[in-house]
Amino acid sequence: MAIPRENSLTDQEIKTPGIEPGSFRDPDSRVFISHGRILRLLSKQGLADWQKLSSSPLFAELVAEGKLVGTREATDLPDLPDVLQGGVAAVLEHDVIPFVSYPYEWTFSMLRDAALLQLELVERSIGAGMMLKDSTPYNVQFVGARPVFVDVGSFEQLREGEPWAGYRQFCMLFLYPLMLEAWKDIPFQTWLRGNIAGISPQECRNLLSSRDLLRRGAFTHVALHARLERHYENTDTDAKKELKTSGFNQELILANIRRLRRLIKKLEWKRADSEWSGYELTTTYSDEDAKRKAEFVTEVVRTEKPGLVWDLGCNEGHHARIAAETARYVVALDIDALVVDRLYGALAKEGQAKILPLTMNLADPSPGLGWRGLERKPLPDRGSPDLALCLALIHHVSITGNIPVAEFLDWLQSMKTSLVIEFPTPDDPMVSRLLMRKRVGDHPDYNRDWFEQCLAQRFDVVRSEVLSSGERVLYHARPRA
Amino acid sequence: MIQPSLAYIDASTGSLLIQMLTGGVAAAAVVLKMYWRRLRKLLHIGKPEETDSQS
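For the record, the sequence lines run as chains A and B. Take the first sequence: its letters are residues 1 to 481, numbered as in our numbering. Take the second sequence: its letters are residues 1 to 55, numbered as in our numbering.
Just so you know, these hints were derived from the structure itself, not from any lab. Quantities reported herein were computed from a predicted structural model and do not represent experimental measurements. There's no promise every hint is true.
Stated by the list, open to error - Computed list of lysine-lysine pairs in DSS-like fashion (alpha-carbon distance at most 30 angstroms, straight line):
1) A:K52 x A:K184
2) A:K266 x A:K354
3) A:K349 x A:K270
4) B:K33 x A:K266
5) A:K44 x B:K33
6) A:K67 x A:K349
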């Protein structure tokens, strides 16, 4: 039986205290991970901002509403690293997020909900005499299907007469990705994964047609924005001073926030169909096999009592839901953003806090990104699973993704996870369809004997079961001790 | 005491100035005032530049 982890932190993070490598951008705040605790080190200025926030009713309201991560002043401090210029003035401790995810793994609705949360926080902060110093979706995490703002260090004292410094970042990382997906059906995930700073106003302008400029918000937030950026690129205009002396005030920021909210609420990703969106309806399973498969998963989850489960190729999340009945937390991954978007919608409606839906191509999973490749972590580095569900998956990874069967099992073995893995034999109608698209003999490693040999070399196979169709086999396996 | 603005992200001049236009009707007065001030400065008339007194 797997020993469930108490949180998403990796063994390395629990054993070796260290600075979170993605937290260096704000000079007033660094995140330090020590023995399973998430600590935030504050500079003198950071402390002043925290005192302003924590003494405001807004802080307690946001935490109570689940919109801001639970945070308190830390006691019983470990040795702290000397990473802030001017020294550490205070240390906060945050609740641990069960599993960290990034915007390029979210679906349209997830990014939209994160954007609306960001706007709400800016609006309510202004009401409390505060402001958010940045506007990045990397400050938002999901607990199940609920967005939570995690960067308490982002709150700062409002400065009268100053414009919203985070507006450009909001456009680049929230607004433009949503516009492009809603208007052009361009998946924003690849763009955000390609550039950690997002899509610039000029890049977005280049992607829109003249007709698109007639759409709500396009002319001002994209075209004019890009034009002004170009115009002022090499000038010494002191925009902040000029705006201040011309009477700019926070009412204008609030008006912008309200307009952005209306705009974003109206953005919809109208894609009706995708390769996998009708899978549960068009699947080749008999009812009996589907029922037996669900029972097999239930039995293994009850036996393993896993902490963290990954459901790889989750589709509509049927097995993720079964796992969530027992497991501490389930990360449900699928390559098809549309089915994950629908799953997110359903989970959000239910208020589900134990299943995190993400979109990802397992043949090209999220790598380390950003400065030194450490700012954004690869998937397994954020907490490897105690149990991985790989149902109706390996034929797609192997035949469509051209990943050798042995290498896929190597990857699973590297995470020391237990498995429920299904092997659809070459006689299965779906496998036959996939093989038909390839040359005869392209996948000599895709056969049951070789799969079982590879599995047994890497895992202890607890049991297997052939489904009644005879074309699919389920295996329960554990990592070698 | 509020420190002078030290936003660590690059907001870009264009992105700051466009916020006069994203503020809707209420922003019109700010736009007019800014261009009026620019015009007066161009013509070398009016009061000397106001100083920014934050501290």
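Looking back at the hints listed earlier, which ones does the structure fail to meet? Result: hints 1, 4 and 5 break, sorted rising.
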